[in-house]
Amino acid sequence: MTDPAKRGSARGVDAVLHTSVATLFSNLVTRPTGRAVRVAIERQIREARGASLSILDFSKVGVIDYSCADEVIAKLLLTYGSPSRPAQAYFMAKGVSEAHRGPIEAVLNHHRILLVALEHERTALWGPAPVRLRRAWDDLDRLGQALVDEFAFNRGLQRSTAVAWLRRLVRLRVAVADTEERFLSLPAILDSDLAGRGGGRSLGSAGTD
Amino acid sequence: MTEVLVVPETLNHDGFEALVSEWSAAQKSKLLIDARRVGWVSPYGVLGLLALGTASRKLSGERPWLELPDSREVASYLTRIRFFELAQDIYEMGAKVRKPRQRVSEALLEITPIRSHQDVHAVVDSVRERAALILGKRLGYPPPGVLHFSVILSEVCQNIVEHAGAEGWVAAQAYKWSPKIGREVVVIAVMDVGMGFRGSLAREHAQRYGDRWSDVTALEAAFFSGVSRYRDPGRGQGLKGIRKQVTRWNGIVTIRSGTAQIAVVPDWDDTEQVISRLPDFPGAQIQIVLPKYSPPTGEPRER
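Each protein sequence line maps, in turn, to chains Y and B. According to our numbering, the first sequence holds residues 14 to 222 in order. According to our numbering, the second sequence holds residues 7 to 309 in order.
If you're looking for bench data, these hints aren't it; they were derived computationally from the structure. Treat the hints loosely; a few may be bogus.
[What the hints assert, rightly or not] With a cut-off of at most 30 Å between alpha-carbon atoms, the simulated DSSO-like pairs for lysine-lysine come out as follows:
#1 Y:Lys88 to Y:Lys107
#2 B:Lys143 to Y:Lys73
#3 Y:Lys107 to B:Lys250
[Said to hold, decoys possible] Estimated spans, in silico, between C-beta atoms of each pair:
#4 B:Glu9 to Y:Thr92: 48 to 58 Å
#5 Y:Arg155 to B:Ala172: 48 to 58 Å
#6 B:Gly146 to Y:Leu160: 51 to 61 Å
#7 Y:His133 to B:Gly146: 24 to 34 Å
#8 B:Asp40 to Y:Val52: 50 to 60 Å
#9 B:Glu98 to Y:Leu91: 31 to 41 Å
Think of the CB as a built atom: it goes at the ideal place given N, C-alpha and C, for glycine as much as any other residue.
Could you put the whole structure together from the sequences, leaning on the hints where they help?
What follows is the structure in structure tokens.
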């Protein structure tokens, strides 16, 4: 991208990358365009040299079609969600309008993947999440960050079940394990993205599958 | 020997089909396309003339002759929608090529050749304002609908670049669809004379279908199941997305390829959903008809 992403650091990751996806093109249509945008984002992730959360800002995007949504969003989520991912990277979308949502939801459903989105200052989980998984994500999102015992108490779960749910959210890349015991929702990372946090922290082993 | 094909007076979807029928029965020697009696053309019909001329030239190696419509109104419309600019490379025509006086006509999108992804970008970039005016103001579509329209345009145009292996064209226009619903609609027409759906999908999918492999099965696989020629599992979502969106808007999509046509048809139209054994014609011909906006069930109706 021509203008470098703003970079911050936060709890749970080494870097928060604020990326305007409309820097190269205002209308995100066609696969080659999507590839160009994705390659630029991947370069930023590489350059971050550690675990990162990329905030994909769609607020200046006019149109996004199915092909471009697939090339940018689906391929990023699939690549960095796979066990052979090139780096620890998480993604959140912001500035997504109602018109963008159709093609984005279509590719999420097609690949059965999830994306955390910021809509009108509220967070939402997009994609085909079963009801119980969505509830688990909602609870963690409400707490922001939670120790396993806190999450278990809140949901009325056995500790082992709470750990299983939290690890599942991490595996689906919609939450981060800060340590073996502490888990964060992606928006909570963004909230902690403040100067003076001392460079953030690396992901704990529980977050690396 | 020169064979004469007479273009129907109404050159719309049905008119193009009648013309293809004549073309299919012709010997593919030197052709004269007689359009003198044409009194009305739709975007699909206009692109059909370009497609027919291109297909004829490919087969015989000779440019067919085109007798232009006598109707001043039709000739003027063809000028405005840029037909003559593009037809001069396809047809021999008696008259000088008439260029539109102004660059922008009242059409939603004048005939635009699609050869590359850059052309798709250009179409999406250029159509937005006029789409807002025509779809938004005249047909009542909400602002997100105007953007969805651009997505549809983008995906149908990409279908040419990614699957046809040949140049194609797109055009869009708002007009009164009087024979069917008597109200204003927007029509998008997209055509190419490339390898068609069956040709595009054959290498990856024909074997699986065995004896059932045909133009119909290829069209159904692409349109309903999102099957693509590419192994990338993310491919094939565009046409599926178009089908869903147009259905939500109570519109029509017809896709003709080879000897078959499939369609998504709302209750206000009587187009058959699947037609096979049509006269063979190369490439793919797509028409999308969008009626005046009416909120899908569950969505609040504007007063």
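Right, here's what the structure says about each hint:
no.	hint	result
1	Y:Lys88 to Y:Lys107	holds, 18 Å
2	B:Lys143 to Y:Lys73	holds, 24 Å
3	Y:Lys107 to B:Lys250	holds, 25 Å
4	B:Glu9 to Y:Thr92: 48 to 58 Å	holds, 56 Å
5	Y:Arg155 to B:Ala172: 48 to 58 Å	holds, 55 Å
6	B:Gly146 to Y:Leu160: 51 to 61 Å	holds, 53 Å
7	Y:His133 to B:Gly146: 24 to 34 Å	holds, 25 Å
8	B:Asp40 to Y:Val52: 50 to 60 Å	holds, 53 Å
9	B:Glu98 to Y:Leu91: 31 to 41 Å	violated, 52 Å
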